[in-house]
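S.K.: Those protein sequences? They're chains Y and B, same order as listed.
Just so you know, my numbering puts 59 at position 59 of the first sequence, and the rest follows in order with no gaps.
Position in the second sequence (first residue = 1) + 1000 = my numbering.
Worth flagging that the hints you see were computed from the coordinates, not collected in a lab.
Honestly, I wouldn't trust all of these hints.
Simulated restraints on C-beta separations [what the hints assert, rightly or not]:
#1 B:R1179 / Y:A53: 55 to 63 Å
#2 Y:E101 / B:R1223: 33 to 41 Å
#3 Y:R126 / B:R1254: 50 to 58 Å
#4 B:P1178 / Y:L17: 27 to 35 Å
#5 Y:E139 / B:P1178: 38 to 46 Å
#6 Y:P72 / B:V1141: 23 to 31 Å
#7 B:A1168 / Y:K8: 27 to 35 Å
#8 B:R1223 / Y:F18: 52 to 60 Å
#9 B:C1162 / Y:P72: 34 to 42 Å
#10 B:R1179 / Y:L17: 16 to 24 Å
#11 B:K1235 / Y:E101: 54 to 62 Å
#12 B:D1007 / Y:R54: 26 to 34 Å
#13 B:V1138 / Y:V71: 46 to 54 Å
Ideal Cβ positions, reconstructed from N, Cα and C, are used throughout, including at glycine.
The residues making up each chain are set out below.
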Amino acid sequence: MSVLFGHKEHLVRMAALFGVGVVAFLVLQALLVPEGFGVYGHYRAGALEENRARPVAFAGRAACVECHSDVPEAMKGGRHEGVRCEACHGPLAGHAGDPAEKEAVRPDSKALCARCHAANVARPARFPQVEVADHAGGEACTTCHAPHNPLAPGRASQPGLAPGTAGQPGLAPGPAGHPGGVENGGTK
Amino acid sequence: MNQDRRDFLARSGKLLLLTGAAQVAFEAILRGEPAAAPNYRTADHWWGMIIDVEKCIGCGNCVRACKEENDVPREPFFFRTWVERYHVQEGDVEPPDVDSPNGGYDGFPERYRTNDGSKSFFVPKLCNHCARSPCVQVCPVGATFESPDGVVLVDKTYCLGCRYCVQACPYGCRFIDPRTKTVDKCSLCYHRITKGLTTACCETCPTGARQLGDLKDPKDPIREFLRTHKVQVLKPQMATGSKTYYNGLDGSVR
């Protein structure tokens, strides 16, 4: 025993050193590890909240139809039924928050419609496409087509469905669902 | 975090009493963020996305909407989501011609002909929100992580900008934001999906080619879709646990 405790200042010194080390570790840990780190995993828990904090730019269809309830009526059964408002009208969360603050602008149909309907071989063949220059001759699309329901009966003419539309098959009018229809319960 | 003995004992006690979700909620309330606890519970969700290649028309709405929603730098070649156009010669899958002019932001000018035996199609790309993300594994400081609801997120205030994750991502989904010099990527619109909205790209996709889905929700249409379609993830051989499922994906796509 005297071998062990005869010179116990060695042990005391070692224990003290160990204690200092532990304290230093705890202090450094408290200083360096940010708050919330490790609550859910190897990251700062607050980062989740920070990612959530962003304001939204697109209000979402539900917000639009709160006021514009007539539009879904007009789109019902049409080929554009599955297209959500802000796909064409752009981000309008500001408008949904306060209609006076941000005015919704009517999009220019010539540029807008062509984004989706200009002929392109990489597009699915059954998707309605036209050679814009031949098809419209500089006329605005909305002259003939109702954008909310492009095939609505009673519309003056539907030149997009006439023969000679850039050789694109699948343009025949019919009850076939919109290629981008609402399969599987609609878009989410 | 300053932690004295009383704190330590209190925390340990709670840890023994509360488990799992209750503990997480309690921690959120303790941090003064009760909003994180009720309403939206991370444990109730597991987000993924389905992309129906046969429905994509390459309009670029998703690319524009994403930049708008998430303030992605407007200069070319910074994208959280982008659209690629594949062009495959008849009977010759390798190598495909791939182009993505400005990520599809301005659409795709006509480039190929129909009747030369080739085929072309669009493939939207985004972060695959892998369950076993290579990018998360390499982050030296824990600045990128898989959230409890299955979204790979970035802690911008904690990121060093070391770029390990940019190299590690097999899908090329990450970039360094030139303004902050930290990494940026698709957050699956975490600020939207946790409020009950869908992502900006899904909101604006006119054909429903992209659909957000909650894989933990038995009533979500994504469950039915995955059951009834032959879907594929990108680079399955890398075992990333990708949760972006492609329907109608051609073998030439990588």
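S.K.: Of the hints stated earlier, which fail here?
M.R.: Per hint list: 1, 3, 4, 6, 7, 9, 10, 11 violated.
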